Amino acid sequence: MTDSVKLKIDGKEITAKAGQTILQAAAMAGIYIPHLCAHRELEPWGSCRVCTVKVNGRPQAACTQPVAEGAVVESETPELVNVRRALVEMLFVEGNHVCPSCEKSGNCELQATAYRLGIAAPRFPYTFPKREIDASHPDIILERNRCILCARCVRASTEVDGKHAFDFVGRGVHKRIAVNAEAGLAGTSAAATDKALSVCPVGCLMKKRVGFAVPVGQRQFDEKQIGSEI
Amino acid sequence: MSKPKVATTSMCGCFGCHMSILDIDDRILKLVELIEFDKSPINDIKSFTGRCAIGLLEGGVANDENYHVLKAFRENCDILISVGECAKNGGVPALRNPIPLQECLEEAYLRGPTVYNPLQVIPNDVEIPLLLDKVYPCHEVVKIDYHLAGCPPSADTIWETLVALLSGKPVALPYSLLKYD
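First to last, the protein sequences are chains B and P.
Residues in the first sequence are numbered from 34 upward in steps of one, following our numbering.
Residues in the second sequence are numbered from 2 upward in steps of one, following our numbering.
In isolation and in its complexed conformation, chain B is listed as follows (with noise of 0.2 Å):
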């Protein structure tokens, strides 16, 4: 049996196959790991590195990192916990995200993540940046206020709706989500139904008038915490 491998995380031993990230040999094996940028749907991207862990010692992201035999896996540690509530917490300062106004709310796994880490306020000062907002489509919204640039729709248009409708423009703090034509997301062949939007973290891409289709308080993570399901 040379595809099985055996690793250990927070010393609990799991068998994983070979080929597996630490990610989905944890899901698994009924271990949840933090992450937002991974989608199990998708391939590995490993820009948002929530999903921080330490292997042998090593800081990686557990999302891309393969497993391997024998590997020490620490996840639930008070140091890697603070690790994840700093760069989510970073992710809030990055945007704008008002939760009280938006659509999302109750089942957005950035604001779930923030829940289950217990962030109350970020440590970092906010930014409050200028994001253009694209309503052009007749069915779909882009709203990069919302944006945490995890490149889920990026992926998504492209394996699996077949479009590459969207990606990225600028670097650093300049980054930003564009769409494959002129005139905007109007321009582009994107449809309410695709992937790419369903995928979506965070109220970013949103199909227009289903915002409010379910009340505040009946959502996904109002009394469920992200990663219950595992």
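Because the hints were derived from the structure by calculation, they are not lab data.
What you are looking at is a predicted structure, and each value in this text was computed from that prediction instead of being measured.
For each residue, glycine too, the CB sits at the ideal point set by N, CA and C.
Just so you know, nobody snuck in bad clues.
Partner residues are not named here, just some residues of chain P that face chain B (Cβ under 7 Å, in silico):
| hint | residue |
| --- | --- |
| 1 | Glu86 |
| 2 | Lys89 |
| 3 | Val93 |
| 4 | Pro99 |
| 5 | Leu179 |
Dock chain P against the given chain B, drawing on the hints supplied.
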């Protein structure tokens, strides 16, 4: 021994968080057995009458009056609590932050689609608090000891926090009481 004092204020907020304080319903009778309200819109006491154990802050810091009120709360209260999203991150009023202040004033008083202002004057009087360049979260102006999330934080969140602090216990809110909406 006299009861500990609690002060409250609403800065750049909508008074929704104060509504949520009142939403503790009949528990307010228990609360006034435990504490005495000092400076607060609830009893209309305008200035501090003595040292307060707890200050509850609603709203962010949007003008010079908010700034001076917040400074006075820090000086007069042992524990300051940011109550609600506006105190915590500016909230909805902070939607103006990415826009230059001059543009905001021109939109509000000169160019807005429903503006009637034949003299084309932007109000500027010593009686009117001066707007700051942006709306600041309270913890970016003074040290804040606790943050209660929510728009508004539920009455249970406020109640559990006050009871824990007044009885000297750690504030440990369950998952259901940490909400940003």
